[in-house]
Amino acid sequence: MQLSEQEIVRREKLSKLRELGINPYPANLYPVNHTSKQIKETFAEGKQVILAGRLMRKKVQGKASFTEIQDAEGRIQVYFNRDEICPGEDKTLYNDIFKKLLDLGDFIGIEGELFTTQVGEKTVMVKNFTLLSKALKPLPLPKEKDGVVYDKFDDPEQRYRQRYADLVVNPEVKEVFVKRTKLFNAMRNFFNEAGYFEVETPILQPIPGGAAARPFVTHHNSLNIPLYMRIANELYLKRLIVGGFDGVYEFSKNFRNEGMDRTHNPEFTAMEIYVAYKDYNWMMDFTESLLEHCAIAVNGETTATFGEHKIDFKAPYKRVTMTQSIIDFTGFDITGKSEEELFEAAKGMGIAVDGTMGKGKLIDEIFGEKCEGNYIEPTFITDYPKDMSPLCKVHRDNPELTERFELMVCGKEIANAYSELNDPIDQRERFEAQLKLSEKGDDEAMFIDNDFIRALEYGMPPTSGLGIGMDRLIMYLTNNPSIQEVLFFPQMRPEKKQVALTDEAKAVLEILKKAEKLPLADLKAQAGLSNKKWDKSVKELTKNNLAKVEKTDDGLFVEIV
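Numbering (my numbering), first residue to last: 190 to 750.
Certain hints may be false.
Quick list of the computed label-pair ranges, beta carbon to beta carbon [stated by the list, open to error]:
#: 1; residue 1: Asp543; residue 2: Ile516; range: 43 to 49 Å
#: 2; residue 1: Lys248; residue 2: Glu346; range: 17 to 23 Å
#: 3; residue 1: Ser193; residue 2: Val221; range: 54 to 60 Å
#: 4; residue 1: Asn733; residue 2: Ile516; range: 28 to 34 Å
#: 5; residue 1: Val362; residue 2: Lys252; range: 34 to 40 Å
#: 6; residue 1: His498; residue 2: Asp344; range: 22 to 28 Å
#: 7; residue 1: Glu497; residue 2: Leu745; range: 33 to 39 Å
#: 8; residue 1: Arg246; residue 2: Ser193; range: 19 to 25 Å
If you are wondering where the hints come from, they were derived from the structure by calculation, not from laboratory data. Here the structure is a predicted model, which is why all the values come from computation and not from measurement. Beta carbons are placed, not taken as given, at the ideal position from N, Cα and C, and that holds for glycine.
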């Protein structure tokens, strides 16, 4: 393991602490009785407090020093005075341990007394301190000079990989996750007050049901069978409705072996709720009330800002049928159209389609490409074609349609709901249609779940179900355009081995990171290097597999690897 100069110095300090008889990682409890926030809220001159946290600022001025301690609720100023800490002849605790052996990032415990400085700052005067944990790696703290902040820890890839460091040095990030917890609590309270029951269903499933998606597959050695990580929990929750529960819900971790982008992560959190004796019209009203309640709980109001949009979750929401939506934005009426007609229409609209797509997938592609992005304010898209909804009840007024809605916000779906299909014969036929799509090459088609059909044969009451993508919802409520910002630990590509680069190569790589791919001439111009340094830098990046040069019909391009 190659250590930086700072890491070597910190390990040397670690050894010196041990030589002084100080355990840098003590096991015993530290009796904290105040947080930084509590101290500020209940401040009283001369009050005795015990707190603990990270050392985040350290300004040594001879016999006295001002520092800042950061705990889970914020920062507070702390004053170290040599004679207060070391009233006797031995000044080692201040002169050696505090001044020389403590670093930024170290956890320390402090016993002290509150006072106010001459400039009015609420401060803790240290009477005694204890090292609780020595940090061996320096925090990526930003630096400030002449009012300008630089070296800020804001590279997304580094932040997501090292979320622990991100949370320490970018405290605003923590607020996103505080709001995420508020959202879950608000939704859970809403359901509980309505009398619905929180349950848990299997994550490892013999059949990946409840959605059209590609699953992750594993193998159970003892049973010698394949198992699939859950893509949805719908079919298990409906089994519980069969079993006699009137309302069940679950916050579930789901897994889909599909692409990754700013709105998709292979592991994500969904909420699904099923309520007996209801239909999708009731569920639309319920969803409006739920999201209005959640927005207020998270932000204190029904409105939220997302990028350039201000959206309002106050009920009621606009309702538009899918057929009408496609007419509105394409002029094409999907009613009664064959698979061939839909295929040609989609091609004519410039949509990428292929022979594996059935009617449902083709309609979904048309809506997704031409309509979905136009809905900014919360809008229910209703009455989906039957081919798109194999688990949904046929529409009571039109057998070509189903009683389904999706809620669109800022051009993306955040909720999906049905009047649930409870006819076992119809359900089997729908599954068999999905099997034909699978045989045709659709790797997202549903499996036939014979046990679920058997459950329906015992009888399931009329039921409505709702699923909400929790990660996407909290993105909208916290103004975060990337799903990675609302997941503590998003999935990442394998970390590349750290390579020591010249300053010129680093500069070229930083330019490339922002664009990912640039014409070679443009990149060279932005880098502003001499021909010799430019050639050397590009060779350095390509040799270390950090960039590649590609020749195309449009010329030479440099692309980040």
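Results for each hint:
| no. | hint | verdict |
| --- | --- | --- |
| 1 | Asp543 - Ile516: 43 to 49 Å | 25 Å, violated |
| 2 | Lys248 - Glu346: 17 to 23 Å | 33 Å, violated |
| 3 | Ser193 - Val221: 54 to 60 Å | 32 Å, violated |
| 4 | Asn733 - Ile516: 28 to 34 Å | 54 Å, violated |
| 5 | Val362 - Lys252: 34 to 40 Å | 37 Å, holds |
| 6 | His498 - Asp344: 22 to 28 Å | 27 Å, holds |
| 7 | Glu497 - Leu745: 33 to 39 Å | 36 Å, holds |
| 8 | Arg246 - Ser193: 19 to 25 Å | 21 Å, holds |
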